[in-house]
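Protein chains in written order, with our numbering: chain H, 1 to 381; chain P, 1001 to 1108; chain E, 2001 to 2177.
The hints are simulated quantities; they were obtained by calculation from the structure and are not laboratory data. Incorrect hints may appear among the rest.
[Said to hold, decoys possible] Computed footprint of chain E on chain H, listed as stretches where at least three residues anywhere in the stretch have a Cβ under 8 Å from a Cβ of chain E:
#1 123-134
#2 137-147
#3 150-160
[Unchecked claim] The following label-pair restraints were derived from C-beta to C-beta distances:
#4 E:Ser2048 x P:Leu1106: 40 to 48 Å
#5 H:Ala197 x E:Phe2142: 23 to 31 Å
#6 H:Val49 x E:Ile2006: 41 to 49 Å
Even for Gly, the Cβ is constructed at its ideal location relative to N, Cα and C.
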Amino acid sequence: MGSDVFEITVNLVKMLFIFLLMVQLVPVLVWVERRGSAFIQSRFGPNRVGPLGLTQLLADAVKFLMKEEFVPAQGKKLLFYLAPAIALVPGAVAFGSIPLSCPVHIQRFLMLQHWWGPYDFEFQSFHFGVGIVFVLGISSLGAYALLLAGWGSANKFSLMGALRASAQMISYELALGLSLVGAILIYGTFDFTEMIAQQAQVFNFELLGHAFHLRKYGILMQPIGAILYFSSIFAETNRLPFDLPEAEGELVVGYHTEYGGLKMLMFYIGEYGHMMVGSALFVTFYLGGYTIPLLTTTQINNLFLSMGAGPNVISILTALVFHVAFFAKVLFLLWVFVWVRWTLPRFRYDQLMDLGWKTMLPWSLANVIVTAVVVAYVRSK
Amino acid sequence: MPDISQTAAVTLNHYLALSAIVFTIGMLCVLLRRNLIVMLMGIELMLNAVNLTFVAFAHYSSDISGQIMVFFVMTVAAAEAGVGLALAVSIFKRFKEVNIKFLEHLKG
Amino acid sequence: MDISTIIFIILATIIVVSSVSVLMTPNPIYAAFSLAITMVTMGFLYFSLDADFIAGVQLIVYAGAVMVLFVMVLMLFDLEKETEAYSKGTFSVFLKLMCGLFLTGAVALSVRQSIKGLSDVAKVATPAEQVETIKLLAGRLFTQYVFAFEALGVLLLVIAIGVVAVARSRGGTHARH
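Build out the structure end to end from the sequences listed, making use of the hints.
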């Protein structure tokens, strides 16, 4: 946590900030989803409340809070209330262990007649050496929220939705994990920070008389892995084209049929949190994390130095710039989620399972084997 | 002032005691419960207790081999759970219950 | 009391309480959820023992896959109420409880006896060391224990085929049709 009061305080504030960041992004995403779907279907979407309908979500939040508290008569009350709370946890914890920007170095400074520092603050809630294993482990706990909700509501549709959803999550976890293994083999580490550092390296080559300088982004070295990973997070987050658990034509809305008001909102936050974790992992693994193409840390540092900023301010500002870059990438991917939702039709359940087990699993296994052979060959040279 | 943190530190004994308790609970679960799946859960509890001793020994003797054993135990436990659940499913299909009183039907 | 002791006490309490509730709850679904809590807490205990990789695997394999399977199977069965959750007969239950207590005592005694040879110095590992631990683990796994590793692969394959065969069968010799 830290060695003195200042460090502990900053770390706690940082944890809170990252959690709130995740929660506060949800209204924006819901707005993007609704306006985006309206844009794709050439209609208006919510545009009455506030500029561009931006405060619609505020009104919705009030509506959700004012709704009646409701438990089905046959429902298991404890499980029914526990499920939405559990839905929030995996996303929030997993998001906290992904580095959102470069570390901030604070040199010694004087405050309240006392010398503090020097400090190194990482832009993440907690740093585990086995980053990706931890994130996969925590996000696999998301299945419990669905199962608890399905069982606790004492409703056939909820139960079927929950069983479908958890079967789907377990099936696609395999393809998801294996598609990341290729990238892990190349980077040779589980640690996110090291992965990003490796992707920041440049490799130069010449093609058709032009010299190219490209960052070693994962997507260039693992295109198949990237595609497989991105498809399986659609299944993991239960979104179209894989939103079988909530197939409204067959199951009403699946596992949260009986939920309303704030509890429903918490499921939404959980789902969007899962999407954010998926996108942040994609960015970290395949799009170079918080790095910016064609721009190095020293260039940004020099820019702020020429403006006459001190070393601490430079460090903070650089971290902010990288943070914005990271979030630009994440937000683009989240827009792709919306885009795909309104472009592709839904799969049938047997097609979904066939795709997961018979197509994506073999392809990701082949990807792992080919990558392993190539990595072994390159390292032996 | 005496250093409390030295005297109250968690030692290997604590982990082993916890593991012994969990193992016993798992064993009682297998002995006392009559639902086939809950008995399987008892076995999982016992395996977990053993894993805890492995990890604790690996930590306190600074030897990584304990963790490798845990890795193997987990794989075997997952396989065992798979087989056990498949058997439970086929028993349920036949007898419409997973209580071990289905054994009464096996008298030939 | 330092922070690690407090963490240990909290985690150990959760583990003991939830595993007792696996034993005591008549409803198998609640028992399965209690076991899931035990598994997750055990994972966090591994984190506190600097076995990060094993902890992650525990979360993925046990909590994320095995226990979800248990819960799913129980939900498919939809056992309305458990008629005979516990074994019958006061004497046999008494005997079994005595067996359990005897085992605890024996384990505690043997731990007490055998512990003296081991040093109880806690090793503190930094994240950098942790990465080395993973490399060390992989090195051992793929050199010294490679045969066991490959054998496990074969075992899993056999199990996968066997499970499908068993679960698809229509009751074997007891088939009705």
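Checked hints:
Closer than 8 Å: that is the beta-carbon criterion, and the region 123-134 of chain H has 6 residues meeting it against chain E, so the requirement of 3 holds. Three residues within the 8 Å Cβ limit are the bar, and the region 137-147 of chain H against chain E gives 7, so the coverage statement holds. By the rule of at least three residues with a Cβ nearer than 8 Å to a Cβ of chain E, the coverage given for the region 150-160 of chain H holds, with 3 such residues. Roughly 46 Å separates the CB atoms of Ser2048 (chain E) and Leu1106 (chain P), a value that falls within the hinted 40 to 48 Å.
Against the hinted window of 23 to 31 Å, the Cβ-Cβ separation of Ala197 (chain H) and Phe2142 (chain E) comes to about 26 Å, which satisfies the hint. A hinted range of 41 to 49 Å holds for the C-beta pair Val49 (chain H) and Ile2006 (chain E), which are about 48 Å apart.
Consistency with the previously given hints is maintained throughout, with no hint failing.
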